[in-house]
Amino acid sequence: MNLARIEPAGDRRFRVSGVLDYGTVAALEARGRLLLAATADAVVDLSGVERANSAGLALLLEWLDQARAAHRRLRFEGVPDSLLEIAGTSNVAALLPLVATGEGAP
Amino acid sequence: MDKLIITGGAPLSGDVRISGAKNAALPILAATLLATEPVFIGNVPHLQDVTTTMELLGRMGARLVVDERLAVEVDPTRISDCVAPYDLVKTMRASILVLGPLLARFGQADVSLPGGCAIGSRPVNLHIDGLRRMGAEIRVENGYIRARSKRLKGARLVMDLVTVTGTENLMMAATLADGVTVIENAAREPEVIDLANCLNAMGAKVRGAGTDTIVIDGVERLHGASYKVLPDRIETGTFLVAAAITGGAVRVRDTDPGLLDAVLDKLREAGGDIEVGEDWISLDMHGRRPRSVDVHTAPYPAFPTDMQAQFTALNAVAQGVGTITENVFENRFMHVLEMQRMGANIRLEGSVAICTGVERLTGAPVMATDLRASASLVIAGLVADGETLVDRIYHIDRGYQNIEEKLSGLGAHIRRVPG
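From first to last, the protein sequence lines are chains A and B. The C-terminal position of the first sequence is numbered 106 in the working numbering, with every residue numbered one higher than the one before it. The C-terminal position of the second sequence is numbered 419 in the working numbering, with every residue numbered one higher than the one before it.
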């Protein structure tokens, strides 16, 4: 069975690692919702993601939706190229707020 | 709306990978509706029409997953809404392809009529007539095809016209029908064969695909499968024409040379030095200007109508006089008017374009009117002096995956600018 986790990684930063697929994203969404709810301007680092399919993309969009509803800012960094490609194919790439290269985060 | 800006003059050279065929991927995605288990589809091109089809299936209740290699898994076990609504169908005529699968698998389908088309009429009455002959009750009302049926029954279907989507729709419907269905005067295109192969991988019993008589023994159910979409022969041909027109040397890979004999013959006639391998084709013009060729479009295996506009561009700058005769669609010479604005010497006489090649075209703002016309204008821009700005490129995005990236990789000076 694949595993995925989200952990605090310093000042308003969170690190996601493992495999993002149908088997893992439901539990990850619940854990992420709890962690991210308490952070006004969070950055989620996805550089530890080993593999992700479109379920992983759905997870990011869900966290974004929750952040917007709560008037919180949420950005992503280290998004795997494969996930960006899936986002492009799905016409939602523009919805993903990414930390710009060289930008200090948060 | 995005635009493409091309600065002509650079001969193309290098390798380019060919994507999966949109015209195979779309019916195969529709065919997943027939299964009772998930279906995995590889080599799916990343195109707007594919995204639209996935949205269509998703709205019906299918669960879709795109993996990291962009293969698509469709789980059709929770379909709850057998409707193809107008807001999606109007953007993609191929939505009609869900009619047969929905009716065969779920006994009902409400599919919006697709409406008009820029390149001529493509009526869906052959789809409807065929399904009626298989026992379906179909009403056309409020802009929708409303079809109902208990299990469809096998029938002998003689197509008045050769229609690819009609053949595909009826072939898919027949896989779950009670008894044997025979489709006569069927389309023979490779994409029809690819769909039949996919259906057979799902447990269907389809014979004769690729001939004009297809025989389908109906089965009780179709199971899941993994299937890889065949390469896009029109994208293959488009890049080869682009190489020929620029006097370049290009190798297209991950393709199937056996799918485009008629096109390769014409490219040889135009002066191309062509070699083929198992999954690649190379064309080398050795820096020469192409010679004019005469082209007559007709259903596969003859010269494809979807390559006509690209060869019009080739003839526009070739040595001599060449004719392009369009026998498949009416009103499919809109690109000629735009090429004339670039200095091409082309005369239209009914369904024939008579091209007297000129040494050079000149860059101009031009407007794409359909998918292949768009490609032909990009190709013309590759040999035009100065800048050619191609507007309305949403057409080209419907059929060519990352065309500007692929052409840039071959040395073309092309860039996309946001509208």
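Treat each hint with caution, since some may be false.
One-sided excerpt, in silico: chain B residues whose CB lies under 10 Å from chain A [claimed, not checked]:
no. : residue
1   : Asn43
2   : Met54
3   : Met60
4   : Arg63
5   : Val66
6   : Asp67
7   : Arg69
8   : Val72
9   : Glu73
10  : Asp178
11  : Val180
Computed beta-carbon distance windows for the label pairs [what the hints assert, rightly or not]:
no. : chain 1 : residue 1 : chain 2 : residue 2 : range
12  : A       : Asp65     : B       : Asn345    : 36 to 46 Å
13  : B       : Gly42     : A       : Leu96     : 21 to 31 Å
14  : A       : Ala26     : B       : Asp178    : 54 to 64 Å
15  : B       : Val276    : A       : Arg13     : 52 to 62 Å
16  : A       : Glu85     : B       : His413    : 24 to 34 Å
17  : A       : Gly88     : B       : Gly61     : 23 to 33 Å
Since the hints were made in silico from the structure, they are not lab data. For every residue, glycine included, the Cβ atom is placed at its ideal position computed from N, Cα and C.
Beta-carbon spacing of Val276 (chain B) to Arg13 (chain A) - inside the hinted bounds 52 to 62 Å or not = Roughly 54 Å apart at Cβ, these two residues keep to the hinted range, so it holds.
So the hint says 54 to 64 Å: do the beta-carbon atoms of Ala26 (chain A) and Asp178 (chain B) match that?
-> With a Cβ separation near 41 Å, Ala26 (chain A) and Asp178 (chain B) fall outside 54 to 64 Å, so the hint is violated.
Hint check: 10 Å Cβ-Cβ cutoff, Val180 (chain B) to chain A | For Val180 (chain B), the interface hint is violated, since the closest Cβ of chain A sits about 39 Å away, which is over 10 Å.
Status of the hint placing Arg63 (chain B) at chain A (closest C-beta pair under 10 Å) = Holds: closest Cβ of chain A sits about 8 Å from Arg63 (chain B), inside 10 Å.
Going by Cβ atoms only, is Met60 (chain B) closer than 10 Å to chain A?
-> At about 17 Å, which exceeds the 10 Å cut-off, the nearest Cβ of chain A leaves the hint on Met60 (chain B) violated.
Residue hint Val66 (chain B), partner chain A, criterion CB-CB below 10 Å | holds, 4 Å
Could you check if Arg69 (chain B) really has its C-beta closer than 10 Å to a C-beta on chain A?
-> Hint on Arg69 (chain B): holds, closest Cβ of chain A at ~8 Å, below 10 Å.
Given the hint of 21 to 31 Å, check if Gly42 (chain B) and Leu96 (chain A) actually sit that far apart at their C-beta atoms.
-> About 25 Å separates the Cβ atoms of Gly42 (chain B) and Leu96 (chain A), which means 21 to 31 Å holds.
36 to 46 Å as the expected CB spacing between Asn345 (chain B) and Asp65 (chain A), which holds or is violated | Violated: the Cβ-Cβ distance is about 57 Å, outside 36 to 46 Å.
Minimum Cβ distance from Asp178 (chain B) to chain A below 10 Å?
-> Violated, about 36 Å.
Should the hint that Gly88 (chain A) and Gly61 (chain B) are 23 to 33 Å apart at their CB atoms be regarded as holding?
-> holds, 25 Å
Would you check whether Met54 (chain B) satisfies its interface hint, that is, whether its CB is within less than 10 Å of any CB in chain A?
-> holds, 8 Å
Checked against the numbered hints given earlier, this structure breaks hints 1, 3, 10, 11, 12 and 14; the rest are met.
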